[in-house]
Amino acid sequence: MKKITVGLLAFALALVMLVGCGAPASSSPAADAGQPSSDGAASATAEQSGDDIELTMVYPSDPGAEEKFDVILADFNKEYPNIHVNIEYIPFTNWGDYITKVKTMIAGNQSIDVIRLATEGVHTFVEEGLAIPFNSFFEENPELLEEIGADQIHENINSTFEVDGNKYGLAWEWNNAVEFINTDLLNEAGLDMPAEDWTRDDILRYAQALTVEKNGYTQYGIAVSPDFFTMSNWIYANNGSILNEDMSKCVLNEPQAVEVVQFLYDLVYTHKVAPVPAGLDNLNLFMADQIAMISYGRGGINALHANDFTSYDVQYIPGQLSGKIAFGAAGFVALSSSEQQEAAMLLASWLAGNKASQETYMRYDSIPSRIDVMDELLPSMEPENGEIWRASADNAVPLQAPSIYADMMTVFDKYMTLIFADEISVEEGLDKATEEINQLL
Amino acid sequence: MQRGPTMVKNNEKAAYLYIAPAILLYLVFYGFPIVISCGLMFFDYNIVSAPVFVGLDNIKSVFSNPDIGTVFLNSSKLLVLLVFSHVVLGLALALLVNASGKRMSAVMQTVIYIPTVLTTASVGVAWRFMFNTDLGAINYILSLLGLEKVPWLTSSKYALFAIVIFSIWKFVGTPFIYYFLGLQNIPQSLYEAAQIDGAGKLQIFRRITLPMLTPTIFMVLVLSFISYLQCFDEPFILTSGGPGLSTTTVNLQIYNYFNSGKMSHSSILSIVMLVIVIAITALQFKMSKKWVNYDLE
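First to last, the sequence lines map onto chains G and L.
Quick note on numbering that gives the first Met the number 0: the first sequence kicks off at 0 and runs consecutively.
Quick note on numbering that gives the first Met the number 0: the second sequence kicks off at 0 and runs consecutively.
Hints are computed from structural coordinates only; laboratory data are not their basis.
Glycine included, C-beta positions come from ideal geometry on N, C-alpha and C.
Treat the hints with caution; some may be incorrect.
[Stated by the list, open to error] Covered stretches of chain G, going by a simulated chain L footprint (3 or more residues, C-beta under 8 Å):
1. 101 to 111
2. 151 to 158
[As the list claims (entries may be wrong)] In the BS3-like style, the derived pairs of lysine-lysine whose C-alpha atoms are separated by at most 27 Å in a straight line are:
3. Lys248(G) to Lys77(G)
4. Lys248(G) to Lys59(L)
5. Lys156(L) to Lys271(G)
6. Lys169(L) to Lys76(L)
Could you put the whole structure together from the sequences, leaning on the hints where they help?
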């Protein structure tokens, strides 16, 4: 009898645990895909109503993110004391994993109002009806836009958040890839900083001069990064593209793209001025004087600054000055599952446009989206030639990231790794990649 | 006190009640998802929209993918290489450590087992750098020995071997510990009797050690098969499945489908793997009757 009683108690405990593990009762994701659930004109704004509002925002758990947002949200609450923001920080490895995690949270009926989102995820969220357009909100709140200085956000950079004529948020920060150059190694080789209009022949000449045998190891002149972001920058600089303008067709096997990929392949296998690109941490090798030039985003200066590494400068990737410059931007998007969409859009807009946060937290980070902050920060900060980031905003074209981005990446990486493993020719690899990506489109 | 039928029945009821929480948890966290996955095979589902019934379309899509054969072949190759290497090397290390002195044995046990407890992701990043063709430590050592550099991670020929090398370093500690404990449990009296009878070392190993270790070997085999059939961590961290698809395993493909929002495709491959694991495990148990010796005396 005692055994049965104890057994029953254990069974009951297990049931209680299971019930406790169940999802909290909340409404299901908004039925109207991609549409704000309330009429902006009819409902009171979050500010006017004065009612306490709780919002949940999802943000990647980057180092220092919590401290950063404690300060930023304290500023936000000075203007909007009735809006309380809880941030859920989630581990970030890449945008694909982050987007999957957020979608899993939404599917699990977790209440999320605002998320940080980048170019890589905007089309996916729009096409799946997860993000709401801000058009009505912007039209009905011009004073808010003026207050946050939305007109200062660079038009090109903001275009990331515009899909089919609708605006899904504002850009907070952005990045392209430029060439980081180790100035100590440059001086050792007796070279001057290259001019902004340098060509691929020039960069090859520099790489050859900077590739030397030193104390039993090879110092390489340049690193090749066959990832989508960096390759897009090189291809765009040659006036090529990955997809056509309306993203309905892959054009990776067109001459402008083939020419650039062949050039990068030759750096590794023909001229032997770049190491085979697998398993390398280019930034650390750059700081260790093992690679003299790397293609990287401004976000890299965070690590350089943290390690007191100042012997570097930046220059355009050859062709960027006259060609296009690929970029990715990040901002804040309000979700269609939010029960406080007005407040969510207000928070998202405020965060993106906030001048103080850009001035403070983008000193050693991504490029700020505001023109006034770019004009103020970039010329005055390391590296010396940092103003190219400001100038490059004027030629910037968003990275092409359709809703099939994850599948497209798998195909792109598959053939790029084969090309740079020297197991397939550049032409054959790009032809096959084009064919498979076209099947996905 | 004799047990009557009522007492036995009560004991049985109590037993079922005791295991009921575990069964309930298993059903909820394993059984129910398996059933749902079986159902999801026939629907298009991206987790944020309602599932849409598509019949056999997704199953046809998965198995008509020209890459699916390569993916299964990769998993099979890794399975054979990893199971063989872990089973054999684990035993070899256990025999070596068992034969050494007490102090040396403690040191060696620690050295062999430590990698097992380290985070795979963090050591994997380090090994990825060590394997680099031009700047990695392994090729640097090979060059000092006058050997050619090996394109460990950038060659379809070598990438699988790079994964096996890393996996052996990282995970051989587990079979090693099982074997070591198994060796410790073999009664010394058997070895003493064999020595008295004049048996040599090889005879002792073949006639006493191996037969007495068969339950442990069987356990290591079963666990290794189940584990390495679902190999994910090593290719994910070292090669991301490349170059090309040369190290993409079935579990990595399941992950890729999940990240693309193709829950149905993930479910299909997951169920296929479940069936394969069950079939192989059942076969192993059936065949074990012929060679596993549970008689300890």
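Each hint, compared with the structure:
no.: 1; hint: 101 to 111; in the structure: holds (count 4)
no.: 2; hint: 151 to 158; in the structure: violated (count 0)
no.: 3; hint: Lys248(G) to Lys77(G); in the structure: violated (48 Å)
no.: 4; hint: Lys248(G) to Lys59(L); in the structure: holds (25 Å)
no.: 5; hint: Lys156(L) to Lys271(G); in the structure: holds (22 Å)
no.: 6; hint: Lys169(L) to Lys76(L); in the structure: holds (19 Å)
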